[in-house]
Amino acid sequence: MNQPDRLERDLTNWLNVSAAPRTPIYVNDLLALTARTRQRPAWLLFERWLPMGTLTLPRRALTPLPWRSIGLLLLLGLLMVAAAAIYVGATMRAVPTPYGVAGNGLVAVQDGGDILLVDPVSGERTLAIGGPSLDTEPYFSRDGTQLAFMRQTDVGRDLWIADADGTNQRLIAAGLGADASGGQWAPDGRSILLPEIVDGTNSITIVPTDPTGEARTLDVGMPAEVPTWGVGTAWRPPDGREILFRGSTPTGFGLFAVRPDGSGLRPVTASNGVNDYDALFYGWSPDGSQVAYQWRDVPRVSKRSQMRRP
Amino acid sequence: VDQRDLVERAGRGDHDAFAVLVDASIARLEAVARLILRDPELARDAVQDGYLRAWRDLRGLRDPDRFDAWLYRQIINACHDVGPRQRRRAFEVALGSTEPTSHGDDADRIAIHDQLERGFRRLNVDQRAVLVLHYYLELTMPELADTLGIPLGTAQSRLARALVALRRAMGSGSDLNDAIVRQGQIA
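Residue numbers (the numbering used here), protein chains in the order written: chain A, 563 to 872; chain B, 6 to 192.
Don't take each hint at face value.
What the hints assert, rightly or not - Chain B regions said to be covered by chain A (calculated; three or more residues, Cβ under 8 Å):
#, segment
1, 22-31
2, 46-53
3, 60-73
4, 132-145
What the hints contain is simulated information worked out from the structure, not anything from laboratory work. Quantities reported herein were computed from a predicted structural model and do not represent experimental measurements. Backbone N, C-alpha and C fix where the C-beta goes; we use that ideal spot for every residue, glycine too.
All chains, full assembly: derive it from the sequences and hints.
Structure (structure tokens):
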């Protein structure tokens, strides 16, 4: 080591003069503070797991985090997420809960060619769809805001929808056969599934509730029936991503599922039944994970895990 | 009672043992913090923060014999943390030492100390710390490296750069400084 130069000597002298070490008056406060502080367990301490020689804390080597920039970025990100959520929320149509406990509401009934709304508690009846036309088969959408019904004409049957109180009536499908009956609202209220006979074959038709839309028949390669009665809905809960139907195959009747666009056809029941009453009653469980169906005269429950996949 | 025993007891949660360690070291470390930060209030914050960390994390110290170096590091790290507050505080200038200076002080010495004070304030906390540890606490280079947790060569170069920075920070506005700068040789 070289001999200290003048600067070093002056520096040493100045530091010693300036230091004037003394016990600070706040030492008792400090000890009171540490006495109130709990020691951290050794296993939590980073230093405990490293050799002392490398117990370095080269804080100066660490680049200080740009907290202000990070904060601004986080704020910007939150704003973007909020904007996206608002946009999506504004453009999405609320899908009502298709199942579960619901409040009591009006019951739509047909009476002499008119549609009436009946309060099940008071019995009060209100005319919803009146006039000279013959209107039948009313059924509410899942959210109760719309009402579908059939109107009989000289050439066939037309499918109409209206607001829940009967106003704002719109024709969505015309010239349906007499067999077109027992429609089911899609969970999102944007279409109605309608069983009908097309060219002599049981078929499933999906009718958009938008009057500008075009009805289409699902091509599933076999006669397909959707029950107009039974224990559940054909639309798979909660979002209607599949339609459950009873298909007629050369080996018998079975349950099948298909996406609303006609793709993804798959069998649901492991085998087919030859009895006309096999799988005649069926429906999804409320969460869409199981299908209940009737097999001959023995009710069965098929768990989804037991379903045969395509 | 030797220090090792006190450290071990304190590590097991014996606060009385820790209090003895504090009493034995706080005057020296408070001076170190004051020298580095050049602000009594900040020094107080750093000392309190450093000792609080020491107590809280003492169980992480595997070798009780290295308590001193470890404690120095807690204080130095605390100085790093409170140092930035200096920029947000009003600049404080000490009117003079509270301790009597030696009778041998002369005008040159007062001038040199004034130059050192001004130059030292222009250094960053890293540079001040390495100078204080070496020239005030008289830590050897290996001890300095150990305390800072850096290789010996790095410690040497850091000290050399701190001295160069001090010479430059002191400026060349006076003949006295010119003389110091001319005469100064890096150790």
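Hints, one by one, checked against the model:
no., hint, in the structure
1, 22-31, "holds (count 5)"
2, 46-53, "holds (count 3)"
3, 60-73, "holds (count 10)"
4, 132-145, "holds (count 4)"
Violated hints for the displayed structure: none, as all numbered hints are satisfied.
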